[in-house]
Each structure stands twice: as structure tokens, then as C-alpha cells.
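Peer 1: Build out the structure end to end from the sequences listed, making use of the hints.
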Amino acid sequence: MSNTNSQHARPKSRLLITRRVFPAVIEALADHFEIEHNEADEPWGPEAMRQRVASIDALYTVATDRIDASVIQAAPHLKMIATGSVGYNHIDLAACRQRGIPVSHTPDVLTEATADMAWALLMATARRVTESERWLRDGSWQGWAWDQFLGADLHGANLGIVGMGRIGAAIARRAQGFSMRVFYHNRSESPQAKGLGASLMSLNDLLAASDHVVLVLPYSQATHHVIGAEQIRQMKPTATLINIARGGIVDDQALAAALQERRIAAAGLDVFEGEPQVHPDLLACNNIVLTPHIGSATLSSRLGMAMLAARNLLAWRSGSPLLTPVPGL
Numbered sequence: 426m427s428n429t430n431s432q433h434a435r436p437k438s439r440l441l442i443t444r445r446v447f448p449a450v451i452e453a454l455a456d457h458f459e460i461e462h463n464e465a466d467e468p469w470g471p472e473a474m475r476q477r478v479a480s481i482d483a484l485y486t487v488a489t490d491r492i493d494a495s496v497i498q499a500a501p502h503l504k505m506i507a508t509g510s511v512g513y514n515h516i517d518l519a520a521c522r523q524r525g526i527p528v529s530h531t532p533d534v535l536t537e538a539t540a541d542m543a544w545a546l547l548m549a550t551a552r553r554v555t556e557s558e559r560w561l562r563d564g565s566w567q568g569w570a571w572d573q574f575l576g577a578d579l580h581g582a583n584l585g586i587v588g589m590g591r592i593g594a595a596i597a598r599r600a601q602g603f604s605m606r607v608f609y610h611n612r613s614e615s616p617q618a619k620g621l622g623a624s625l626m627s628l629n630d631l632l633a634a635s636d637h638v639v640l641v642l643p644y645s646q647a648t649h650h651v652i653g654a655e656q657i658r659q660m661k662p663t664a665t666l667i668n669i670a671r672g673g674i675v676d677d678q679a680l681a682a683a684l685q686e687r688r689i690a691a692a693g694l695d696v697f698e699g700e701p702q703v704h705p706d707l708l709a710c711n712n713i714v715l716t717p718h719i720g721s722a723t724l725s726s727r728l729g730m731a732m733l734a735a736r737n738l739l740a741w742r743s744g745s746p747l748l749t750p751v752p753g754l
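Going letter by letter, the sequence shown gives residues 426 to 754 in my numbering.
Mixed in with the good hints, there may be bad ones.
What the hints assert, rightly or not - Estimated spans, in silico, between C-beta atoms of each pair:
1) A479 <-> S604: 54 to 62 Å
2) T723 <-> R606: 28 to 36 Å
3) A709 <-> E459: 44 to 52 Å
4) P448 <-> Q567: 45 to 53 Å
5) A479 <-> N514: 23 to 31 Å
6) P471 <-> K619: 45 to 53 Å
7) A722 <-> A479: 14 to 22 Å
8) P436 <-> N514: 30 to 38 Å
Unchecked claim - No more than 16 Å apart at the CA atoms, straight line, and that leaves these computed lysine to aspartate or glutamate pairs for EDC-like:
9) K437 <-> E452
10) K437 <-> E459
11) K437 <-> D456
12) K504 <-> E459
13) K504 <-> D517
14) K504 <-> D533
15) K661 <-> E698
16) K661 <-> D578
Derived from the structure by calculation, the hints contain no laboratory data.
None of these values were measured; they are calculated from a predicted model.
Using N, Cα and C, we set each Cβ at its ideal position, and we do this for glycine too.
Peer 2: In C-alpha cells form, the structure reads like this:
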């Protein structure tokens, strides 16, 4: 019997896909997996997740799922986790390591789309786009005035990037077209920074020097509330703060207080603590742009992420190395 026929003769692995996904993904996986697919696309709570994983061999998850030790313990047959996200802080890696469960993620695919989104938020925030649109829609515009919705300059301004990885570097490349001075804060010097004209700074120095600050660092316990009340106090009162990284990096309550008291000029957030809930004090601020975690939301990026997760599952199924494994697993 040929290798191909032998492979098709193997029993299919049982795969749980936790959210509705593109039909092309299901088609790519269907020959090799017995699939349970959350077509209703309603997130499962912890108990429902534990019940669903009881008999599966592989799990296709997303960043909004919480795959903690209790979920992994409830899945005695689980041998592979693929997440359709770059970040993997929603997965208990220590529990996976203890069980020898490999985990894959989806780096690179969304870099340019997310960098574009950072600039969309930055420009909308600095130039008060959504604030002025609401004012116009409310019927408040009665005519032009010299001091109407004065915003902040981007061209020639100081841009601070906290987290100079792939996305941070892509943001810095775009800043060259605006003749901006770029500062960055990282755990170590970025090999890309010199070619981008970016200068390494301590976090406090970056916050004090920047007209606009963009957060692009991964979430971990070490980065929880890395931007809190104390850090916001270091910023210029004319500065803007953009978070396209993860909720929890910013203390949302402290940010809301600073915005309401005009201790910084404005903020743009694509991610939130406890999302999809948004802190009510943020919702009460006029000087903020809010988007529902759409940083990677272009068709090519989201489909690319979803298919990369599927290709990692197929690699695992065939006994090949994962294409994009989470480091250390």
C-alpha cells in the first residue's frame, strides 16, 4: 500500500475549533480531522470549554479563549494546540510543557495590517477625527473657526514605540515618511533599529520625550499595567497614547482618569482589560478613539492567520515539524 493510501487509512484525529472560521480552513482540515466547529460563534465559558475538550486530540483556539490548566487537565487525549493569533498568553504554557503538548501560533502574517492599524489609530487620535465626527453628526457644527478641533502634528514629531519587534519595526518604517524622530524601549537593543534611525531609551525617558506613544509589546505578568498612573505622569500633557498590543498592558482606569483630567491629550485603544467589556470611564471620555480589537482585521491577514493555524495542525498530523511553534515547547 502506498504511503498516501496508508495516511488516508488512518483514523481521523478529533479536532475542536472554538470559533467560527473561514470555510477554506474547514476544507483544508476535513480530510485529516473529525471536526467539531463552533459555527454559532458564541464564546464558551470555562465549564463549557472543559466539557468540549474531554475527547479531543487537537485544539484550534483563538486569543479570546482561556486555555488554562483546568481545560488542559480536562482533555486527557489532547496532543496539539494551534492558536490563530500571534500572542499566546491565553494558553497555560507551563501546563502544556508538563504534558508535552506542542503549541503553534501565527507570527508575521499580520505584521503589516497591524502596523497600518496603529497608524490609523494614531492619526485619528492626534487629529481628533472621531471626536469631531461625533460633534458634526450631533448637529453641533455651525461653521468654521480658527480654533476648531485643534489636534497634534504628526510630521516632524517624536514617536515612542514600546516593543520593537516585527510590528514595532513596521510602525517605525512608516514613521520615516512623516520625518519623525523615533525612540523605542525594548528588553534589548533591536537589530532593526539602527537602519530605521530609532534610538533606544528607558521607558521613563521615552514617555517624557515622545509626542505620541505606541504600545506593541506582548502581554505577560511582567508587562501587566506597564503603563499605569505613574507612567502616564511622565508623559507630556499634549501627548497621545496608542495601544494595539493587549489589554492589561495599560491600566485602563488610570488612563481614563488621566484623559478626563486632560493630563494627556488623547488615546487610541484597540484592546482592553477584560474585553469585550470596556471600562465605563473610558466610554465616558471624548478624547479617545476606541476600536473592537480589529488590528489584524483585513481579509488577507485574518485568512492568512487562520490558514497558518490549519497548516500547523496538518504538520502535526503528518508528523512533520510545526511551521511556527511557540518557543520553548
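Peer 1: Hint numbers the structure violates, sorted upward?
Peer 2: Hints 7, 14 and 15 contradicted; others consistent.
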